[in-house]
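K.L.:
Each chain, written out:
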Amino acid sequence: MACSRAPGAQAQDAILGAGTIYADLVVNTSAQYSHRICRRLSFATPAALLAAVAALHDHVALVFRADVLSVDVSPCTPEQFATVRASPLHFVNVCGKVTHCRASHVLNPAVLPLVVSVRVLYSPARDMGVYSIEARAANDSRHGRSTTTSVAAAICTARTVTSPLAARST
Amino acid sequence: MTIFRAARSSRAVRVALNCAVNPDSVARIDVYMLVASARLAHPVCLQCGTVDAAMMCDPRWDAQSVVKTEDEGNTKSIQLTHIDAGWIKTLGTDICVPSNILVNVTKNGAINMFMSVADSFRDGVEDEYRPVYQAIVDLVSSAS
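Note that the protein sequences, when read in sequence, are chains A and B. Be aware that the first sequence starts at 1, since it is given in this note's numbering, and climbs by one per residue. Be aware that the second sequence starts at 1, since it is given in this note's numbering, and climbs by one per residue.
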């Protein structure tokens, strides 16, 4: 199916303001699973907007192997535009576990003064004490505010591995 | 066993462990989940199936759409399993094959990826898995 509407025809009517133009572009196609392709972009001039619409029209037709039925353009506010801002790949969480060997204690005694709370859950059936320890990290201070970090320590076989916190928490 | 979480890098984990844990008590340290995030420069139409289709057609993994609950209406979830070990080897680093990766894509273009993996902890371990995440981001970007 050929394109039934010239790309950018709606764009010309929708946005022709001065200054930076913020616009939502939605490409409607005939493909079963790609009927709407979204872009939220900013443009310096209306001409740049029209060029982008034409480019998006060709891009969708090529990449998605779909017939482009129309390209809808609608204005958006700078605040709406700010909600869609590219950010590169970054890590937000690294989760893991420390397996302990037999030792007199598992926590560094130096951290004990930083401990702000200790919760103990003891499971008699498994003979296991689980210590949930919240400590203020001495080197974790941003913008002048102290933050807290949680250290969840599950001490297996409480009889053989003894935490110095046990005495304080009971 | 001591569980650590909410650190943004292996370096932060190392600093926290050095601070909190008696080094003589450490037998081994493992990583079981890495969470990464990225944001596209454009919104994603969640009703559009191109992202799902691209994921499912990719030979590097088995992809399955995850049924959403009512409060997850702004998110598209895809579970990747059976990651191709041959592809992982081609990434150049000696990393383990992830058991599964949950990919959440929001309508604002944010991509959150939760990778379950059983690997030993080492400095920079998360960066060794970066090509896996980047491949997913590139695929979602080109298919949306």
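Take the hints with a grain of salt, since some may be wrong.
Pairs of lysine to aspartate or glutamate, EDC-like flavour, derived with a Cα cap of 20 Å [to be verified]:
#, chain 1, residue 1, chain 2, residue 2
1, B, 107, B, 30
2, B, 107, B, 127
3, B, 89, B, 127
4, B, 68, B, 119
5, A, 97, B, 62
6, B, 89, B, 119
7, A, 97, B, 119
8, B, 68, A, 67
9, B, 107, B, 138
10, B, 89, B, 52
11, B, 107, A, 58
12, A, 97, B, 127
13, A, 97, B, 24
14, A, 97, B, 52
15, A, 97, B, 138
16, B, 107, A, 67
17, B, 68, B, 84
Some residues of chain A that are not near chain B, with every Cβ distance over 10 Å (derived) [stated by the list, open to error]:
#, residue
18, 47
19, 90
20, 100
21, 105
Treat the hints as calculated values from the structure; they're not laboratory data. In this text the structure is predicted, and so the values were computed from the model without any measurement. Glycine included, every Cβ here is placed at the ideal spot set by N, Cα and C.
K.L.:
Tell me the hint numbers this structure goes against, listed in increasing order.
P.N.:
Hints 1, 2, 4, 5, 8, 10, 11, 14, 15, 16, 17, 19, 20 and 21 are the ones this structure does not satisfy, whereas the remaining hints hold.
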